[in-house]
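Here's the letter readout for the chains.
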Amino acid sequence: MNEHKYSKLHDLIAVSASEVIEKMFYKTLTPVDEDIMFNFEVVVTISFKGKYDGTFWIVLGKQLCYELSASFLSMNAEDLDDELVHDTTKEIINMVCGNVLFNFDKQKKFDITIPSIFVDTNAQSQILTMPRTTYPFSFRIGKHPLKMILALKMGDIDG
Amino acid sequence: MVKSYSILVVDDSRSLRMVIRKLLESTDYLFSNIYEAGNGKEALDLLKDNEVNMVLTDINMPEMDGINLVKVMKMREYDIPTIVVSTDASQETVITAIKFGAKGYIKKPFSADKIKDVLDKFLK
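Protein chains in written order, with my numbering: chain A, 1 to 159; chain B, 160 to 283.
So that you can see chain A by itself, here it is in the shape it has in the complex (with noise of 0.2 Å):
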């Protein structure tokens, strides 16, 4: 992928993400311009199939997280158990995912998974399956990164 396709993607999962973190969760999503490195202990990752095929995920910390469900749910973090906090993880990558694909194409229907969630060790784990060509976006939520990561599986994107 050239970078002139990079960089439209970059706008293209920029915009599509942030409305999802405004609209449902309240936050502002900056999107970082380097590729960060952090030390992150949640993964989250869903599928899709359709006029492209691939995957995505999001690597982010714990704590986030807790921010992001607290904020969803309108609940103070520390009433929040790990169950809920996984499963609105899970709810975030399948409202970005579909978000993003919707703008890619508002036509055809991509058939995305159900998001599974990584946490800790099987975190570091999932990072060492994905394939050699990802595409890497980095972002941050107040003082929060996270990073969001398309792999695709045929072709490429057009335009």
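Just so you know, not all the hints are guaranteed correct.
Claimed, not checked - For the chain A half of the interface with chain B, some residues (derived, Cβ under 10 Å), not all of them:
1) Met24
2) Asn99
3) Phe110
Unchecked claim - Below, in silico cross-link-like pairs of lysine-lysine (DSS-like), each with a Cα-Cα straight-line distance of 27 Å or less:
4) B:Lys181 to A:Lys23
5) B:Lys207 to B:Lys283
6) B:Lys280 to B:Lys258
7) B:Lys262 to A:Lys106
8) A:Lys106 to B:Lys275
Honestly, the hints are just simulated from the structure, not real lab data.
In this text, a Cβ means the ideal position worked out from N, Cα and C, and glycines have one as well.
Since the structure of chain A is already known, use the hints to place chain B on it.
Below, chain B without anything else, positioned relative to chain A:
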């Protein structure tokens, strides 16, 4: 006397069901029951034994998805307005859902106003 309604919320995400429940409870409508189901099969089980005025359903769920739920509801001649609430708002999916009996569509992410709009349209 103020009329009260029963609503069935179908989504495999417990947190999304909680959000929709809170949004419903924040409206001026009075709900005698807000039932929850994690997939289409659970929804059909609930519909067997309970009077429901409206169904809000996700599409992408394990066991039985939302499209199959509206199909079966149509086959069983349930006269209940069913609104799809999904990330998949492609023209192809919306047309399929409407063809099989859905009365409306809310794209995730959604605002509280969208939920209120469907209540106004189908419960008033």
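Now for the hints, and whether the structure bears them out:
no.	hint	result
1	Met24	5 Å, holds
2	Asn99	6 Å, holds
3	Phe110	7 Å, holds
4	B:Lys181 to A:Lys23	15 Å, holds
5	B:Lys207 to B:Lys283	24 Å, holds
6	B:Lys280 to B:Lys258	19 Å, holds
7	B:Lys262 to A:Lys106	20 Å, holds
8	A:Lys106 to B:Lys275	25 Å, holds
The structure is consistent with each of the numbered hints, conforming to all of them.
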